[in-house]
Amino acid sequence: MEPLQKGALRGHKNPITCTAVFKDHKRNCNTLVTSDNEGWVAWWNISTKRPLGVWRAHSNSILSVLQIDHSLLLTHGKDSCVRIWVLDQFQGFSKTFPAEGHTDSQSHRWPEYVEIPVNTLNFCNVCYLDGKLITPATQDSNNFDIYSIFPESAAHLPDIDSQLSLRRIVANADPLALHKKAVNRENASNGIEFEISDENSKRDGFGIMMKVVFVSPTLFYIGYESGHIIGFSLTEHKSKVSVRSKEGSSKSFEASLINRDPSVEVVYFSAFHCPHPITALFYQDKLYAGSAGKRLSVHTKQTSIAEEPVIDSYNLKVAGVQDITLLPELAVVAFWNGVVKGYEIQAMESENEQHELKPAWKISRDVPRISTLEPNNGQKESQELPSKVKANTLCILENSTVSHSNYRDLVRARQASPRLLAVGYADGVTIMYEI
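Taking our numbering, I'd label the letters of the sequence shown as residues 775 to 1209.
Note that these hints are calculated values from the structure, not bench results. One or more hints might be untrue.
Unchecked claim - Each computed DSS-like pair below joins lysine-lysine, with the alpha-carbon atoms no more than 25 Å apart:
#1 K1162 with K1068
#2 K1068 with K1132
#3 K1091 with K1068
#4 K780 with K869
#5 K869 with K787
#6 K823 with K797
#7 K1115 with K1136
#8 K780 with K1115
#9 K852 with K787
#10 K1136 with K1091
#11 K852 with K800
#12 K1075 with K955
#13 K1162 with K1091
#14 K1132 with K1075
#15 K823 with K787
#16 K1060 with K1091
#17 K797 with K780
#18 K1060 with K1136
#19 K780 with K1162
#20 K1132 with K1060
Predicted model, so just to flag it, every value in this text is computed and none were measured.
Given these sequences and hints, build the entire structure.
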């Protein structure tokens, strides 16, 4: 069944760049955060379809938006910084969007925030999990850095400024060098006397980072301009420490080794999408990947580069994947042509068989049609502009319970959809569809 439109969030004057679910733990409900390419952020109450707060988070386009804690929102902009905002005192925020062309935000009350300088020479997102942040490297956009920003030892401190403790634990990691090291080690373990040369490495480069996604605190994937997808393991070095009590009993526990940073290794390598740049990554039990080509790939997690990659693929019949989001039974894909398609994920009888993607529905928004008259050998010919508004970003809001403060909130909640697909469009509008 085709999704049913349940409402529109209007206010942004520029194309939407990110949509992200923000769990409001005070009201025990899901809210939505949207951003645009002029640096503005809006935090939305889904029941009322009105903003809880509006502010200019960056001076340039926003590339990443994600919730990293109960009250913390991370934004990452083209102005070379990551900012972490505290949203637990939203009552005083400005709720008014600026007039068109207006960029001065000094009259708007901002949430409290801290700032981290990063490299934004390309358009790759950043990714955060359990106190660790992956970004394109400061020195080289083809490489990556990993930061520890919220150590467990600082969790008890009273405010975000004192909790933030920025430390770069992986610096300028080179995927080419890491891949070469992994392959050479595997060759050596199999008795093969062959090493990848530096000459081959330079010729067969991966290009800039395009997308990055954390799977667990010890595993992440990066998609590259070349079409390669590489999985990396992150290993923290710990040692067993034994403590003996006065009574004579002993207790062992793990302790991190001081002054020894985590190590990074390549555990997965796929050239399936080459030469098409990777444009979308989403992880749900498996890694789903889209590119500038026509195929969607599904990658099974593995722990060593020695394992043969297990990849399912589907011909989407349309080139240019913009974004991907998933439910257990549904894959939703946005394309560059403005069409959003839903595919039913059909499980097969055997676990070893490939799951099937069955086209279920598609949605799109028409742009206002403007005809222009141009001379053509004395005749007047009608021409039309592109017909679809581009869908830039997708996210799904799952059903949630709400702590209702009054009868009006209760009525609105009953009218709200149990599950919504939020689609952020290039005209600044975010449409919510019941799915």
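Going down the list of hints, with the structure as the test:
1. K1162 with K1068: Holds - the C-alpha atoms of K1068 and K1162 are around 19 Å apart, at most 25 Å.
2. K1068 with K1132: Judged against 25 Å, a Cα distance of about 16 Å means the pair holds.
3. K1091 with K1068: OK: K1091 and K1068 at ~6 Å, within 25 Å.
4. K780 with K869: With a Cα-Cα distance of about 22 Å, the restraint between K780 and K869 holds, given a limit of 25 Å.
5. K869 with K787: 15 Å, holds
6. K823 with K797: Roughly 16 Å separates the two Cα atoms, so the pair holds.
7. K1115 with K1136: 4 Å, holds
8. K780 with K1115: 18 Å, holds
9. K852 with K787: The hint holds at about 18 Å.
10. K1136 with K1091: OK: K1136 and K1091 at ~13 Å, within 25 Å.
11. K852 with K800: 31 Å, violated
12. K1075 with K955: 20 Å, holds
13. K1162 with K1091: 18 Å, holds
14. K1132 with K1075: Roughly 23 Å separates the two Cα atoms, so the pair holds.
15. K823 with K787: 17 Å, holds
16. K1060 with K1091: Judged against 25 Å, a Cα distance of about 22 Å means the pair holds.
17. K797 with K780: Holds: K797 and K780 sit about 20 Å apart, inside 25 Å.
18. K1060 with K1136: 24 Å, holds
19. K780 with K1162: 20 Å, holds
20. K1132 with K1060: 18 Å, holds
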